[in-house]
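**Q** Listed below, chain by chain, are the residues.
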Amino acid sequence: MAIYMSGDIIGVNDASGRTSYNPGQQIPKFCWTKVHDSGTLSSDYSVDVSTGEWYGAFIAITHNDDNVNYDNDLWFGSGDYYAVSVVQLGRTGDVDRISDPTVATSSGVRTITFAATGLTAGSSIRCYLMRFR
Amino acid sequence: MAIYVSGDIVPVHDTSGVTAWAAGNNMQKGVWTNVLDFGPTSDGSTSISQTVNTGEWYNCQIIIVHNDDNVYHEVEWWIASGDNASATASQISRTGDVSRINNPTFSISSAVKTITFSASSTSNGSSLRAYMLRLQ
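For the record, the sequence lines run as chains A and B.
Numbered continuously in my numbering, the first sequence closes out at residue 133.
Numbered continuously in my numbering, the second sequence closes out at residue 269.
In short, the hints are calculated from the structure, not lab data.
Mixed in with the good hints, there may be bad ones.
[Claimed, not checked] Partial list, derived from the structure: chain A residues whose beta carbon lies under 7 Å from chain B:
id	residue
1	ALA2
2	MET5
3	THR62
4	ASP71
5	TYR81
6	TYR82
7	ALA83
8	VAL86
9	VAL87
10	THR92
11	GLY93
12	VAL95
13	ASP96
14	LEU119
15	TYR128
Cβ atoms here follow ideal geometry from the backbone N, Cα and C, with glycine treated the same way.
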């Protein structure tokens, strides 16, 4: 048996199955969810994103600058009720503009600060998270 | 809400929902796609080299798996990133009892990435599979 899938995979946050993920909501498990899309930028950037309650996750951060410069970072995060630690699994790219993510925790809810420096006009960063617990 | 699924998950590349991904098409985002399933070899060759057009993408993960008659085995995990004219990849990890899988190489044309997957020191019964997870 095979299951055929098409289109972007969008984690939903309610039981209707029709609502895409919004910051502050719980992220469905085992589904890559885009938690932030900066749009087009022209200078250093930092954003706080509430990613809801989770205890173990993969985090991928991508950077693209006018389809000329690019980066991809992959992280592993784990936490308890009070704190989170993250470890970088790998990074690749031709510039090094993505900053390490930092995570603030309140009652198990994680707010991640995604940032990038050295950006020029046309840059963007996108952030993805796959929660397994 | 939970969605229970079983069996292979096959990304499609058109709107019909019934056509499996084929080389040269863009991959769907956020789902693992089997981009290469080669072998088992039976012609006595001692190397494998397969070129796959994986369509347009800018950030992804790649897993390469080798199995030789269910006796020798390896798996490698990579992340890759690229632009309109180039791509780079970094190995996150590898495991296995032989080291036959070669690093993947890329050729790019207008952001379309063609990847060469290869292995050396293979014997009859070797197979090479590659999987990709596209994010951007």
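**Q** Each hint: holds or not?
**A** Hint check results:
The interface hint given for ALA2 (chain A) is met, as the beta carbon of that residue sits about 5 Å from the closest beta carbon of chain B, less than 7 Å. Because the beta carbon of MET5 (chain A) sits about 5 Å from the nearest beta carbon in chain B, less than 7 Å, this interface hint is met. Taking 7 Å as the C-beta contact cut-off toward chain B, the hint placing THR62 (chain A) at the interface holds, the least distance being around 4 Å. Nearest Cβ of chain B to the Cβ of ASP71 (chain A): about 6 Å, under the 7 Å cut. The hint holds.
Among the interface hints, the one on TYR81 (chain A) is violated; its C-beta lies about 24 Å from the nearest C-beta in chain B, farther than the 7 Å criterion. For the restraint placing TYR82 (chain A) at the interface with chain B, the shortest Cβ-Cβ distance is roughly 28 Å, beyond the 7 Å limit, so the hint is violated. For ALA83 (chain A), the interface hint is violated, the least distance from its beta-carbon to any beta-carbon of chain B being 25 Å, above 7 Å. For VAL86 (chain A), the interface hint is violated, since its Cβ never comes within 7 Å of a Cβ in chain B; the closest pair sits about 15 Å apart.
At its closest, the beta carbon of VAL87 (chain A) sits 11 Å from a beta carbon of chain B; the interface hint therefore is violated under the 7 Å criterion. The criterion of a C-beta within 7 Å of any C-beta in chain B is met by THR92 (chain A), whose closest approach is roughly 4 Å, and the hint holds. Interface hint status for GLY93 (chain A): upheld, as the beta-carbon distance to the closest one in chain B is roughly 5 Å, under 7 Å. Annotation: interface hint on VAL95 (chain A) violated; nearest CB of chain B at approximately 10 Å, more than 7 Å.
Contact between ASP96 (chain A) and chain B, as hinted, is not supported at the beta carbon level, the nearest pair being about 12 Å apart and thus beyond 7 Å. With 7 Å as the threshold, the beta carbon of LEU119 (chain A) stays out of range of chain B, its nearest partner Cβ sitting at about 15 Å, so the hint is violated. Interface restraint check: TYR128 (chain A) against chain B, minimum CB-CB distance 5 Å, threshold 7 Å, status holds.
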